[in-house]
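Following the hints, position chains B and C against chain A.
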Amino acid sequence: MKTNPGNFFEDFHLGQEIVHAVPRTITTGDVALYTGLTGSRFAVPCADSLAQSIGLAQAGGLAQAPIDDLLLFHMVFGRTVADISLNAIANLGYANCKFGVPAFPGDTVSARSSVIGLKENSNGESGVVYVHSVGRNQRQEVVLDYVRWVMVRKRDRTSPAPEAKVPILPGEVAASDFVLPTGLDLTRYDAALIGQPHLWDDYEIGERIDHVDGMTLEESDHMTATRLYQNNAKVHFNQHSEAKGRFGRRLIYGGHIISLARALSFNGLAPAFKILAINGGRHLNPSFAGDTIYAWSEVVDRLVIPGRTDLGALRLSTRATKDHPCVDFPGAKNATADQSTAAAAAANLVLELDYTVLIKRRF
Amino acid sequence: MKTNPGNFFEDFHLGQEIVHAVPRTITTGDVALYTGLTGSRFAVPCADSLAQSIGLAQAGGLAQAPIDDLLLFHMVFGRTVADISLNAIANLGYANCKFGVPAFPGDTVSARSSVIGLKENSNGESGVVYVHSVGRNQRQEVVLDYVRWVMVRKRDRTSPAPEAKVPILPGEVAASDFVLPTGLDLTRYDAALIGQPHLWDDYEIGERIDHVDGMTLEESDHMTATRLYQNNAKVHFNQHSEAKGRFGRRLIYGGHIISLARALSFNGLAPAFKILAINGGRHLNPSFAGDTIYAWSEVVDRLVIPGRTDLGALRLSTRATKDHPCVDFPGAKNATADQSTAAAAAANLVLELDYTVLIKRRF
Amino acid sequence: MKTNPGNFFEDFHLGQEIVHAVPRTITTGDVALYTGLTGSRFAVPCADSLAQSIGLAQAGGLAQAPIDDLLLFHMVFGRTVADISLNAIANLGYANCKFGVPAFPGDTVSARSSVIGLKENSNGESGVVYVHSVGRNQRQEVVLDYVRWVMVRKRDRTSPAPEAKVPILPGEVAASDFVLPTGLDLTRYDAALIGQPHLWDDYEIGERIDHVDGMTLEESDHMTATRLYQNNAKVHFNQHSEAKGRFGRRLIYGGHIISLARALSFNGLAPAFKILAINGGRHLNPSFAGDTIYAWSEVVDRLVIPGRTDLGALRLSTRATKDHPCVDFPGAKNATADQSTAAAAAANLVLELDYTVLIKRRF
Numbered sequence: 001m002k003t004n005p006g007n008f009f010e011d012f013h014l015g016q017e018i019v020h021a022v023p024r025t026i027t028t029g030d031v032a033l034y035t036g037l038t039g040s041r042f043a044v045p046c047a048d049s050l051a052q053s054i055g056l057a058q059a060g061g062l063a064q065a066p067i068d069d070l071l072l073f074h075m076v077f078g079r080t081v082a083d084i085s086l087n088a089i090a091n092l093g094y095a096n097c098k099f100g101v102p103a104f105p106g107d108t109v110s111a112r113s114s115v116i117g118l119k120e121n122s123n124g125e126s127g128v129v130y131v132h133s134v135g136r137n138q139r140q141e142v143v144l145d146y147v148r149w150v151m152v153r154k155r156d157r158t159s160p161a162p163e164a165k166v167p168i169l170p171g172e173v174a175a176s177d178f179v180l181p182t183g184l185d186l187t188r189y190d191a192a193l194i195g196q197p198h199l200w201d202d203y204e205i206g207e208r209i210d211h212v213d214g215m216t217l218e219e220s221d222h223m224t225a226t227r228l229y230q231n232n233a234k235v236h237f238n239q240h241s242e243a244k245g246r247f248g249r250r251l252i253y254g255g256h257i258i259s260l261a262r263a264l265s266f267n268g269l270a271p272a273f274k275i276l277a278i279n280g281g282r283h284l285n286p287s288f289a290g291d292t293i294y295a296w297s298e299v300v301d302r303l304v305i306p307g308r309t310d311l312g313a314l315r316l317s318t319r320a321t322k323d324h325p326c327v328d329f330p331g332a333k334n335a336t337a338d339q340s341t342a343a344a345a346a347a348n349l350v351l352e353l354d355y356t357v358l359i360k361r362r363f
Numbered sequence: 001m002k003t004n005p006g007n008f009f010e011d012f013h014l015g016q017e018i019v020h021a022v023p024r025t026i027t028t029g030d031v032a033l034y035t036g037l038t039g040s041r042f043a044v045p046c047a048d049s050l051a052q053s054i055g056l057a058q059a060g061g062l063a064q065a066p067i068d069d070l071l072l073f074h075m076v077f078g079r080t081v082a083d084i085s086l087n088a089i090a091n092l093g094y095a096n097c098k099f100g101v102p103a104f105p106g107d108t109v110s111a112r113s114s115v116i117g118l119k120e121n122s123n124g125e126s127g128v129v130y131v132h133s134v135g136r137n138q139r140q141e142v143v144l145d146y147v148r149w150v151m152v153r154k155r156d157r158t159s160p161a162p163e164a165k166v167p168i169l170p171g172e173v174a175a176s177d178f179v180l181p182t183g184l185d186l187t188r189y190d191a192a193l194i195g196q197p198h199l200w201d202d203y204e205i206g207e208r209i210d211h212v213d214g215m216t217l218e219e220s221d222h223m224t225a226t227r228l229y230q231n232n233a234k235v236h237f238n239q240h241s242e243a244k245g246r247f248g249r250r251l252i253y254g255g256h257i258i259s260l261a262r263a264l265s266f267n268g269l270a271p272a273f274k275i276l277a278i279n280g281g282r283h284l285n286p287s288f289a290g291d292t293i294y295a296w297s298e299v300v301d302r303l304v305i306p307g308r309t310d311l312g313a314l315r316l317s318t319r320a321t322k323d324h325p326c327v328d329f330p331g332a333k334n335a336t337a338d339q340s341t342a343a344a345a346a347a348n349l350v351l352e353l354d355y356t357v358l359i360k361r362r363f
Numbered sequence: 001m002k003t004n005p006g007n008f009f010e011d012f013h014l015g016q017e018i019v020h021a022v023p024r025t026i027t028t029g030d031v032a033l034y035t036g037l038t039g040s041r042f043a044v045p046c047a048d049s050l051a052q053s054i055g056l057a058q059a060g061g062l063a064q065a066p067i068d069d070l071l072l073f074h075m076v077f078g079r080t081v082a083d084i085s086l087n088a089i090a091n092l093g094y095a096n097c098k099f100g101v102p103a104f105p106g107d108t109v110s111a112r113s114s115v116i117g118l119k120e121n122s123n124g125e126s127g128v129v130y131v132h133s134v135g136r137n138q139r140q141e142v143v144l145d146y147v148r149w150v151m152v153r154k155r156d157r158t159s160p161a162p163e164a165k166v167p168i169l170p171g172e173v174a175a176s177d178f179v180l181p182t183g184l185d186l187t188r189y190d191a192a193l194i195g196q197p198h199l200w201d202d203y204e205i206g207e208r209i210d211h212v213d214g215m216t217l218e219e220s221d222h223m224t225a226t227r228l229y230q231n232n233a234k235v236h237f238n239q240h241s242e243a244k245g246r247f248g249r250r251l252i253y254g255g256h257i258i259s260l261a262r263a264l265s266f267n268g269l270a271p272a273f274k275i276l277a278i279n280g281g282r283h284l285n286p287s288f289a290g291d292t293i294y295a296w297s298e299v300v301d302r303l304v305i306p307g308r309t310d311l312g313a314l315r316l317s318t319r320a321t322k323d324h325p326c327v328d329f330p331g332a333k334n335a336t337a338d339q340s341t342a343a344a345a346a347a348n349l350v351l352e353l354d355y356t357v358l359i360k361r362r363f
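Protein chains in written order, with our numbering: chain A, 1 to 363; chain B, 1 to 363; chain C, 1 to 363.
Same shape as in the complex, but just chain A:
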């Protein structure tokens, strides 16, 4: 059989190592399309001159700005789909995601995964697969390292269940695991160009920020984004089959929602110029064309970066909703809203993303 049917739950075993196909060179073309599809305005990936001014540009001739962290994430993730999640029922979560050395236009990323956990579901029809995936550039430097777990269909209901193993995953990436770009120097940091005056010191733990703006999803946009990443999960592209499926519609790649939430978060978090880590993430509801995505963020923690007084980290929890402005901070842990409002809001929550960003600190 020449066609890849995708791996089913039975096809995975603990300790399995998978080399993913089709390395990908990320170019300024990919960057432009990413901007066109998300509208992201975070300054560093947009402006070579600004990246140069803070020591974050490519070494050597072109001195280009680094690739947006989430574009890099999607490119690495895209490599893994054909092997890991082609038969996935759901992408359940992410953890311990660390961004490594920055990627620059012209870098080629490839990915490998190890199976680190397996647990059959009690219904005998599917199971959860935990994989540790690592993305590397053409010099074999790690650009991304993360765990994700997906619910995968069994090929045959009667296949015996493997011994269950659920990996113990850290609730957050520790500050000692952050990979800071070498050469980063904020002495020429210009808040007027970054888009907002606030620094690490200005964000309070527990502070909530409504990002205000909304972005309506179109079929063409999410499909183009997902094709750009060469993520070929079937549910995103085929209306003819999805019309008979669970939702009657094409399901939007959860990563596109993450990108929109991050892009919307510029309004209030513009100084958070780089993502260091994704501590965890959950897609709470599916998104479809026609939905309008809103987002808000809570400052969960302020972390000191060992050895740096010019930089700090913020741990953020960003929630995205559909068709629900976030002025009431839906999904907040200690919501003051009454229960019915909370329940209604929950129905519209599509994303909870727990991540850590790098930000300038006041001397």
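FYI, nobody ran anything at the bench for these hints, they're computed from the structure.
A hint or two may mislead.
Pairs involving identical chains hold if they fit within one copy or between any two copies, as the list cannot separate such chains.
No farther apart than 27 Å at their CA atoms in a straight line, the calculated lysine-lysine pairs in the DSS-like style are these [as the list claims (entries may be wrong)]:
{"id": "1", "residue 1": "333", "residue 2": "234"}
{"id": "2", "residue 1": "333", "residue 2": "2"}
{"id": "3", "residue 1": "119", "residue 2": "165"}
{"id": "4", "residue 1": "360", "residue 2": "2"}
{"id": "5", "residue 1": "244", "residue 2": "333"}
{"id": "6", "residue 1": "98", "residue 2": "165"}
{"id": "7", "residue 1": "119", "residue 2": "360"}
{"id": "8", "residue 1": "98", "residue 2": "244"}
{"id": "9", "residue 1": "154", "residue 2": "360"}
{"id": "10", "residue 1": "360", "residue 2": "244"}
{"id": "11", "residue 1": "360", "residue 2": "98"}
{"id": "12", "residue 1": "244", "residue 2": "234"}
{"id": "13", "residue 1": "154", "residue 2": "165"}
{"id": "14", "residue 1": "2", "residue 2": "165"}
{"id": "15", "residue 1": "154", "residue 2": "119"}
Just chains B and C, lined up with the frame of chain A:
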């Protein structure tokens, strides 16, 4: 407050200087997406070899073609939106827009604006703000210089009105203000590659050209274009809120209509290889997804370029319509059509753009 | 008249040579958008490092991967539309299409065509024009060479018919006409990165491969693709006029369907890393937004490449359907399905493409 609420009318004062955030490196990726969204076929920005042959390519190693003038315009304009027009009710007009040194792939543009005029509306609910915006490249050379005026909401109806000042703006950019690219040499100009044999001498004042073709607008296309420029005006992206708004629909960025009109104008104006200036522009009606844009142009003037016998300038008035082919030149000043036809046509006029282009002159 | 009305059947004469306007520099931006619009995962055009490892990267500094063969095809084809097929009723077929030297980012392609055949239709209202088109890079090396024939409207029903001449076209491109990239060396070929272990030896003549996946067409996607190629045929873009036309809808550029079929064929034909030739192609039904494209392929022949034991060629016939999964191989010459099924399937067949690909051979 971390979130940018945008400036309201009260937030502007005469002489105010605004440094806009987020410089932007323009790349061949942006160029490709611009071509994909507009279908523009003007030859110089498409072909490095052709740009080289007329001395209009980047100096140095890559010798790339210049960025399309309107792509550059949108990139500079996009910088200014978050500060100038986030709370705009309408973008009323442009004037005295001069294109400076050409921009090339890899150039980073940034923008600053000065407030040069203010006038509260008699309803006390809004006012008109006039700004002079200047776009510069990473060497601080001016790439674009223009005035625009927008109607901006007041935060508070009871705020006192500022002293009214309406700047005196030239009706057109004078030939002496044109910035000609250095090194431009048309001795190797090849009309067969440019797409049309006509030269400056062949266009008559008063001549009208129906550009024939039509282009239907899609939500995804105009949103992608506007996101590419990082123009974040809310009305373009959020169907959830616009459903309850003035039009019930997302409004299309007027600049996208300008780009489509220019792209359509290739059919008849292919030799107009560079825009020198925009003398003025008005959006006469809003455009929405589903509308089909048509365009026609009138040659308003033929200008001699001081010191050049190989090049001339044409002052053009291009009108765009929706769902109305331009065979009858709708909106022409001295229309021969009877009044009812004219009125009907006016309802479909979406753009009047008065601009000046560079074109080869017969020796 | 400044506007190009397009050539009508009467405007063509045997032996006519046409220099097409607007050369085009193909960039990594075009490559990114092509990936975003098709989702193609063929490895060589995606990864500079992989292209380098098999000797297929650009000579000199950047060592970039070559442009996808079909992107190159569309770029050359796009040059020819304004002169050849603006008034076409139908694009009837392609033959003898040979890919020449590879194109790399930064190369500028231009095109010329010769009229090699003419035949008026018996209805006196149109005729068939055969053109031989050649695309060249900026060094005048041939990158593409093909024949196509189109049915073109007559300007005037009463114009006399030209002497009919139908060129004799080869049914397939001979192996001796294949242009192999110089320097190609598969000793470091890595099947794990290419995405499938099978080699030339593993594909059997007569073998059928269902490519399984489907891709739903959106207006924005096909228009963006076609604008990217600067193919300005009117039927693809103007809903206002097409609403009153033959189909009531915008017709999708047949080349977009070819690209989707090729992209889908990765699932089963991943090792077919380069197209050498298109022997023939027919669009059997029009495609519209909302259709979901599926594809399957048959191995028609296995060809030995003279002088190479490391490489072979496969002649393939790929069929694409709309809204019809290809598990039953619709359109197969010796279909086992009963006649009514075949007829039903035929109604959904949109493409038959006969082409030859390069693939590694087992030593």
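So, going through the hints one by one against the coordinates:
In the homo-oligomer, the alpha carbons of residue 333 and residue 234 never lie at most 27 Å apart, since the shortest distance is 34 Å inside one protomer and 29 Å across protomers. With identical chains, the CA atoms of residue 333 and residue 2 are at most 27 Å apart between copies only, with a shortest distance of 21 Å across copies and 49 Å within one. In this assembly of identical chains, residue 119 and residue 165 lie within 27 Å of each other by CA distance solely inside one copy; the values are 6 Å within and 70 Å between copies. Taking the closest pair of Cα atoms, residue 360 and residue 2 come within 27 Å of each other only across two copies (15 Å); inside a single copy the shortest separation is 52 Å, beyond that limit.
Proximity of residue 244 and residue 333 under a CA criterion of 27 Å is satisfied in neither setting, with 37 Å inside one chain copy and 30 Å between copies. With identical chains, the CA atoms of residue 98 and residue 165 are at most 27 Å apart within one copy only, with a shortest distance of 23 Å there and 55 Å across copies. Proximity of residue 119 to residue 360 under the C-alpha cut-off of 27 Å is found in neither arrangement, the shortest distances being 42 Å within a copy and 39 Å between copies. Within a single copy, residue 98 and residue 244 get their C-alpha atoms no closer than 38 Å, and across copies no closer than 42 Å, so neither meets the 27 Å cut-off.
In this homomeric assembly, residue 154 and residue 360 never come within 27 Å of each other (Cα to Cα): the closest approach is 48 Å inside a single copy and 34 Å across copies. Taking the shortest Cα distances, residue 360 and residue 244 never come within 27 Å of each other, neither inside one copy (50 Å) nor across copies (40 Å). In this assembly of identical chains, residue 360 and residue 98 lie within 27 Å of each other by CA distance solely inside one copy; the values are 19 Å within and 38 Å between copies. When the C-alpha separation of residue 244 and residue 234 is checked against a cutoff of 27 Å, the pair qualifies only within one copy, where the shortest distance is 13 Å, while the shortest distance between copies is 35 Å.
In this homomeric assembly, residue 154 and residue 165 come within 27 Å of each other (Cα to Cα) only inside a single copy, at 17 Å, whereas the closest approach across copies is 61 Å. Proximity of residue 2 and residue 165 under a CA criterion of 27 Å is satisfied in neither setting, with 32 Å inside one chain copy and 44 Å between copies. With identical chains, the CA atoms of residue 154 and residue 119 are at most 27 Å apart within one copy only, with a shortest distance of 12 Å there and 59 Å across copies.
Comparing the model with each numbered hint stated earlier shows that hints 1, 5, 7, 8, 9, 10, 14 do not hold.
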